[in-house]
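> Order-wise, the sequence lines are chains A and B. All the letters of the first sequence, read from the start, carry residue numbers 1 to 328 under our numbering. All the letters of the second sequence, read from the start, carry residue numbers 329 to 635 under our numbering.
Simulated from the structure, these hints should not be mistaken for lab results. Quick caveat, the model's predicted, so the values are computed rather than measured. Treat the hints with care, since some could be wrong.
To be verified - Residues from chain B that keep clear of chain A, each with C-beta distances beyond 12 Å, as calculated:
1. Ile534
2. Leu614
3. Asp629
What the hints assert, rightly or not - Among chain A residues calculated to face chain B with C-beta under 7 Å, some are:
4. Cys70
5. Arg83
6. Gln85
7. Gly89
8. Asn90
9. Asp98
10. Ala104
11. His106
12. Val116
13. Val119
14. Leu148
15. His153
16. Leu155
Built from N, CA and C at the ideal position, the CB exists for glycine as well.
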Amino acid sequence: MNQAVLQIENLRVTFNTPDGEVAAVNGIDLNINTGDCVGIVGESGSGKSQMFLAVMGLLASNGAVSGSVCLMGQELIDLPVNRLQAIRGNQVAMIFQDTMTSLAPHLRIERQLSEVLEVHRGMSRTQARAKSLEMLQAVRIPEAEKRLRQYPHELSGGMRQRVMIAMALLCDPQLLIADEPTTALDVTVQADVLDLFDELRRELGVAVVMITHDLGVVADICDSVAVMYAGRVVEQGAMREIFQSPQHPYTQGLLRSTPRVDSPVATMVEIPGQPPNLLAMPEGCAFRERCAYAMDLCASQRPSLASADGRPQRSKACHLNQLEAMSR
Amino acid sequence: MFGYIVKRLLGAIPTMLLIMIAVFALIHIAPGGPFDNKRPMPAEVRANLNATYHLDEPLLVQFGYYLSGVVQGDFGPSYKFKEFTVTELIGQAFPVSLKLGISALIIALLVGVPAGMVAALKRDSLLDLVVMSTSMTGMVIPTFVLAPIMVMVFGVHLKWLPVAGWNHGALPNMVMPVIALSLPYVAYVARMTRGSTLEVLRSNYIRTAQAKGLPMRLVLFRHALKPALLPVVSFLGPAIAGIVVGSVVIERIFGLPGLGRYFVDGAINRDYTLVMGVSIFYAALLLLMNIVVDVAYTFLDPRVKLK
Ligand SMILES: Nc1ncnc2c1ncn2[C@@H]1O[C@H](COP(=O)(O)OP(=O)(O)OP(=O)(O)O)[C@@H](O)[C@H]1O
Ligand code: SF4
Ligand SMILES: [Mg+2]
Chain A
1 MNQAVLQIEN
11 LRVTFNTPDG
21 EVAAVNGIDL
31 NINTGDCVGI
41 VGESGSGKSQ
51 MFLAVMGLLA
61 SNGAVSGSVC
71 LMGQELIDLP
81 VNRLQAIRGN
91 QVAMIFQDTM
101 TSLAPHLRIE
111 RQLSEVLEVH
121 RGMSRTQARA
131 KSLEMLQAVR
141 IPEAEKRLRQ
151 YPHELSGGMR
161 QRVMIAMALL
171 CDPQLLIADE
181 PTTALDVTVQ
191 ADVLDLFDEL
201 RRELGVAVVM
211 ITHDLGVVAD
221 ICDSVAVMYA
231 GRVVEQGAMR
241 EIFQSPQHPY
251 TQGLLRSTPR
261 VDSPVATMVE
271 IPGQPPNLLA
281 MPEGCAFRER
291 CAYAMDLCAS
301 QRPSLASADG
311 RPQRSKACHL
321 NQLEAMSR
Chain B
329 MFGYIVKRLL
339 GAIPTMLLIM
349 IAVFALIHIA
359 PGGPFDNKRP
369 MPAEVRANLN
379 ATYHLDEPLL
389 VQFGYYLSGV
399 VQGDFGPSYK
409 FKEFTVTELI
419 GQAFPVSLKL
429 GISALIIALL
439 VGVPAGMVAA
449 LKRDSLLDLV
459 VMSTSMTGMV
469 IPTFVLAPIM
479 VMVFGVHLKW
489 LPVAGWNHGA
499 LPNMVMPVIA
509 LSLPYVAYVA
519 RMTRGSTLEV
529 LRSNYIRTAQ
539 AKGLPMRLVL
549 FRHALKPALL
559 PVVSFLGPAI
569 AGIVVGSVVI
579 ERIFGLPGLG
589 RYFVDGAINR
599 DYTLVMGVSI
609 FYAALLLLMN
619 IVVDVAYTFL
629 DPRVKLK
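Please put together the full structure from these sequences, using the hints given.
See the structure below:
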């Protein structure tokens with residue numbers, strides 16, 4: 001019953017820079033099925049955005065991608081641009097963090113919405129307008145009719161993000177990628193927008209990828225989560241389990257640095273140190289320099305992502321055995 | 329919108345007044361007067377002339393006379409071309425300058441904008457290199473150097489184009505003056521368009537447009553074009569001023585009967601009213617163009633509100 005929506009295999013994203021080749025994403029496998037809501041969590045620079053920009057085929061011009069990305073069984077890597085264009089915004093949609101700059105400042109909301117339908121559905125202007133209005137109402141934008149005539153700067157941040165969500169859902173995509181959709185919003189608006197995501201994905205059955213650096217934000221709405229560090233997945237599993245018993249030292253650190261509703265903010269602890277330089281990735285475990293449990297083995301051999309607890313749904317990339325992790 | 333324009337026009341009045349005072353003061357400070365011919369004239373004749381033109385009265389009174397004339401649209405008689413009023417002279421000459429200036433501006437936009445865009449879209453290609461280096465050359469060579477070279481090559485040696493003259497604005501007569509006048513602006517507009525296009529193409533909303541699966545044509549023309557043109561529109565104000573000033577030089581080099589010629593002749597002859605008239609006209613034109621450009625800007629960028 002659970003059909004595969006997105007299958008990523010050994011995805012690598014590299015950038016050509018004057019200082020050398022930067023490996024932003026370094027061999028990632030990920031499967032997303034219909035109805036899934038997957039959280040992608042990691043510190044700034046861990047490769048979360050580039051991984052999914054690669055899925056969309058929207059890397060910067062100095063970027064290169066290898067591996068395999070299958071959307072509904074169709075390979076996207078090296079697909080000609082015109083074929084990709086037919087898929088983007090149609091079968092897979094992506095929304096971004098900074099709503100002020102992510103909407104065209106000089107175009108009315110109506111134009112920015114209806115053009116998606118005109119391009120992908122061949123709708124007339126009037127049809128597209130009606131459907132756009134419907135969609136704005138579906139994302140619970142007050143006075144939707146009026147919003148259609150407005151420009152992005154006339155809307156609040158929360159409303160702009162709702163417009164982005166509406167825009168993404170116009171063509172009933174199978175997959176919605178949300179790159180830090182609530183980071184720029186006020187805390188109260190954040191909760192509203194997350195609720196909206198949850199509601200919409202259940203209603204529409206769209207698979208959702210939630211990119212965030214804050215595990216707490218997606219804890220309630222994601223079923224599973226992949227934790228990224230320096231371009232790799234270091235821990236993966238069901239949201240609840242990872243939230244309750246993180247096994248990778250990095251995940252544990254992330255959770256400690258996450259402000260939690262049920263504990264005073266004062267207990268927040270940042271993970272000490274910096275992520276490794278992607279230009280010169282160290283041998284062994286990339287987290288070694290910052291890991292309190294680092295052993296000799298960690299310096300010589302990179303831990304591969306393997307099932308933890310002997311269960312295929314739960315995996316981590318760490319040499320530490322489970323017992324040691326429990327007694328942190 | 330209407331209120332804004334009225335407000336801007338009223339705001340221009342003090343500026344105009346200051347300009348008039350400055351020009352009036354400057355031209356009277358300059359040694360010599362309009363009737364200082366090489367041949368001395370009889371004292372009675374001179375006194376008579378001075379009386380007719382109020383030149384024997386205190387400067388402040390003279391300015392008062394002049395101002396009251398200007399307010400009624402009368403720039404007075406020319407001291408040199410006695411059979412014409414200054415208004416008539418401007419009326420004859422301005423169409424020439426206007427045709428020259430507008431042609432140059434249109435060329436600057438028509439060539440500069442597409443060149444800059446193509447250079448940006450084909451960044452680091454040979455085409456980009458050609459556009460950028462040509463425009464750099466166009467910007468550093470002064471008009472008064474370029475124009476005589478063009479005359480030598482295309483007028484004197486190749487005899488393709490007339491060396492000088494207006495000939496009622498015939499195309500062959502227009503080619504060299506317009507090119508010489510527009511070249512620095514073509515170059516500048518191209519560089520500016522390239523820069524702003526590159527910036528727009530890097531922006532988040534272009535990424536959004538691509539993420540929506542829009543074809544490249546829509547991404548470029550609907551999402552990128554307008555914002556990329558904003559700096560060019562802002563530049564139009566100063567560009568118009570520059571082209572007006574530049575045309576003074578060009579009109580002299582090519583012997584064209586435009587405003588620039590009267591401006592220079594008027595200054596040399598101490599033709600007080602003519603210099604004043606042309607200066608006021610130039611100043612009013614520039615102030616007006618700046619208002620027009622500011623209003624035009626709001627049509628391109630909805631975030632800008634007129635107030
Ligand atoms: N065009 C580029 N050229 C060179 N390096 C790049 C380029 N784009 C991204 N990178 C690098 O790729 C790495 C991963 O970037 P990415 O945007 O995926 O981070 P992220 O996990 O989304 O972080 P954030 O939370 O800050 O959004 C970063 O170190 C970044 O510097
Ligand atoms: S592999 Fe070693 S260094 Fe890396 S996280 Fe595990 S214990 Fe720490
Ligand atoms: Mg990111």
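> Hints the structure violates: just list their numbers, smallest first.
1, 3, 4, 5, 14 and 16
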